[in-house]
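So the sequences go chain by chain: A and B. The numbering of the first sequence is the working numbering, which starts it at 1 and goes up by one. The numbering of the second sequence is the working numbering, which starts it at 1 and goes up by one.
Calculated from the structure, these hints are not laboratory results. From a predicted model like this one, the values you see are computed outputs, not experimental measurements. One or more hints might be untrue.
What the hints assert, rightly or not - Take a look, some chain A residues computed to stay more than 12 Å from chain B by CB distance:
| id | residue |
| --- | --- |
| 1 | G96 |
| 2 | G107 |
| 3 | L144 |
| 4 | A145 |
| 5 | E158 |
| 6 | K163 |
| 7 | A165 |
| 8 | D175 |
| 9 | R224 |
| 10 | D247 |
| 11 | Q270 |
Said to hold, decoys possible - To spell it out: a stretch of chain A is covered by chain B in this simulated footprint if at least three of its residues, at any positions, have a beta carbon under 8 Å from a beta carbon of chain B; those stretches are:
| id | region |
| --- | --- |
| 12 | 78-91 |
| 13 | 192-205 |
Ideal Cβ placement from N, Cα and C applies to all residues, glycine included.
What follows is the residue order along each chain.
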Amino acid sequence: MQHPEVELKSGVTTPKVVPHVAAVASDSGTAGTTGDLVLQNLEVFYGSFRAVNNVSLQIEPRSVTALIGPSGCGKSTLLRSINRMHETIPNASVRGTVTLDGVDLYGAHVDPVRVRRVIGMVFQKPNPFPTMSIFGNVASGLRLAGISTKSEIAGIVEDSLKKAALWSEVKDKLDEPGTSLSGGQQQRLCIARAIAVRPEVILMDEPCSALDPIATLKIEELIRDLRTEYTIVIVTHNMQQASRVSDSTAFFSMGEDRGGYLVESGRTPQIFTAPTQQLTEDYVAGRFG
Amino acid sequence: MSVTNGNRFGFGSGVRADSLFRILFGSAVVVAGLLLLGVILSMVASSMPVWDIQTPLSFVFGDRWAGEVTQPDGSIAGNYGAFPVIWGTAVSSLIAILIAAPVGILAAVYLVEFAPRKLAAPLTFLVELMAAIPSVVIGLWAAGDLSIRLRDSVEWWVASTLGRVFPWLSEDPNAPASQSVFRAGMVLAIMIIPMVVAVSREVIRSVPQSLREGFIGMGATRWETIRHVVLPAARVGLTGAVLLALGRAIGETIAVTMVIGNAEGIPSSLFLPGQTIASKIASNYGEAGSPTQVGALAALGICLFALTFLLSLAIRLIVRRSMRQSGRAR
Chain A
1 MQHPEVELKS
11 GVTTPKVVPH
21 VAAVASDSGT
31 AGTTGDLVLQ
41 NLEVFYGSFR
51 AVNNVSLQIE
61 PRSVTALIGP
71 SGCGKSTLLR
81 SINRMHETIP
91 NASVRGTVTL
101 DGVDLYGAHV
111 DPVRVRRVIG
121 MVFQKPNPFP
131 TMSIFGNVAS
141 GLRLAGISTK
151 SEIAGIVEDS
161 LKKAALWSEV
171 KDKLDEPGTS
181 LSGGQQQRLC
191 IARAIAVRPE
201 VILMDEPCSA
211 LDPIATLKIE
221 ELIRDLRTEY
231 TIVIVTHNMQ
241 QASRVSDSTA
251 FFSMGEDRGG
261 YLVESGRTPQ
271 IFTAPTQQLT
281 EDYVAGRFG
Chain B
1 MSVTNGNRFG
11 FGSGVRADSL
21 FRILFGSAVV
31 VAGLLLLGVI
41 LSMVASSMPV
51 WDIQTPLSFV
61 FGDRWAGEVT
71 QPDGSIAGNY
81 GAFPVIWGTA
91 VSSLIAILIA
101 APVGILAAVY
111 LVEFAPRKLA
121 APLTFLVELM
131 AAIPSVVIGL
141 WAAGDLSIRL
151 RDSVEWWVAS
161 TLGRVFPWLS
171 EDPNAPASQS
181 VFRAGMVLAI
191 MIIPMVVAVS
201 REVIRSVPQS
211 LREGFIGMGA
221 TRWETIRHVV
231 LPAARVGLTG
241 AVLLALGRAI
251 GETIAVTMVI
261 GNAEGIPSSL
271 FLPGQTIASK
281 IASNYGEAGS
291 PTQVGALAAL
301 GICLFALTFL
311 LSLAIRLIVR
321 RSMRQSGRAR
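Next up, chain A with everything else stripped away, as it sits in the complex (with noise of 0.2 Å):
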């Protein structure tokens, strides 16, 4: 069995790069692919700003894991980073790798589009799509891949629904707009709605935050059951979310060009009992941000 661990991998060679695009320029499911992202060397800038500095991460196929640190460290530009979402802010570049199941998501003949399919995102706040219906919002990611046969939409639908455990609570009012229901079902809907697209990777922005503690429960119930299928990284600022919810831990923070970089990480007993850091410790012990 592989060994479950994050490991901080830096100075480590670039893997050698698949030089096809197969796996991502496929549709996502086909066997042979784990989801096995790793980080080498990763710097995020803004402009001439250095946002994330040199991280090299491993993160571990089917599980949870939690990006922690103080605000301004640079987690979520990171977690964009993973599927190229920061592309859309102007100015924003990337050096380094990221490689998913061993091919560069960076590589030249890569479309960002097609990578997104593959690593889904959950943001900060609920993000229904206001003018569509709740039916409309988890098959809207559907009929962008091209699926358009109605039996296999309403199919995947209900299958990605009961995933994100609300098929019961919405199964009679699909109809309605996905804005009607309550903020936690809102952000249950925006992961059904990442999952019916079949992604290998789910990347999670603070998705409680902007939830009250009994829908955040429920979340994180779900990413609990969610882990066997799909690697997941979760940005919180919440440790003890991180402490529930998460397999692994990379710690990061602050650095003295304000750029944000990784302290440690490992798997999240021993980051929360045992870090190897002193500013780690400080962090979970809640001295500072």
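Given the coordinates of chain A, work out where chain B should sit on it, guided by the hints.
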């Protein structure tokens, strides 16, 4: 300076200042209301003579602005039909909006979604500058240089293709009209495009970034995001932008007067001269001598006012609906 205990809290000067300003600002509102009322009353009053010789129905639907004659017994007989100018207003505004709405909205989409920041700022400034060109200047340009160009390009092309099928789009190839309803519509389009762009740009910008990111995050292209998320979310506001511009087109006077030709009656083709309510009032007022003539023009003014009033009512209803929608979205 120390404050003595006796007047720690002052002597109510704050309260007095508040009530003073309340009266000041309140009276400004009253003045605005009185002005509106005054305009309406004065229009109705000066239109009265025309109702002595005809009914409002025959005025609105009459197809000829025939004028009046003084009978031997001193009474006045005549008929003023406003239908041709109402038609002219509707058609020229419709042409304008059919051109300006798509062009303006697409330009706004470009400015918000595609233009790099360095380009978007000067382009936006340019659009605002366009909106600030006085209409008489546009009229001068339109009546001179632009008119000939439009006639020899767009109008000639439409007339020689569609015009063969639809008589209302045909023109006499040997004597193309130097002024036409169609050209008025084109000029109006030029005038209202900046307005459509400016308002649409604000509307599109106000679509939350999180919605765009949500769709892009599922593997959508920029265009798919605009088509399926941004434009649907902005559609109510965009309708408002178009109606606002339509209101301006309906009321626009001077540039239209300079290019429409001011001919009586409904022209058989869009490429022939016509007249709008506003251009009719502007070009006839100077010669209007008798109270009935002035009254007929005032009645036209009421028609124009009613038209724009109904339109702004529609805008308000739409905006309120959009507020309710966004309230639900929260």
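Hints violated by the structure (numbers, ascending): 3 and 4
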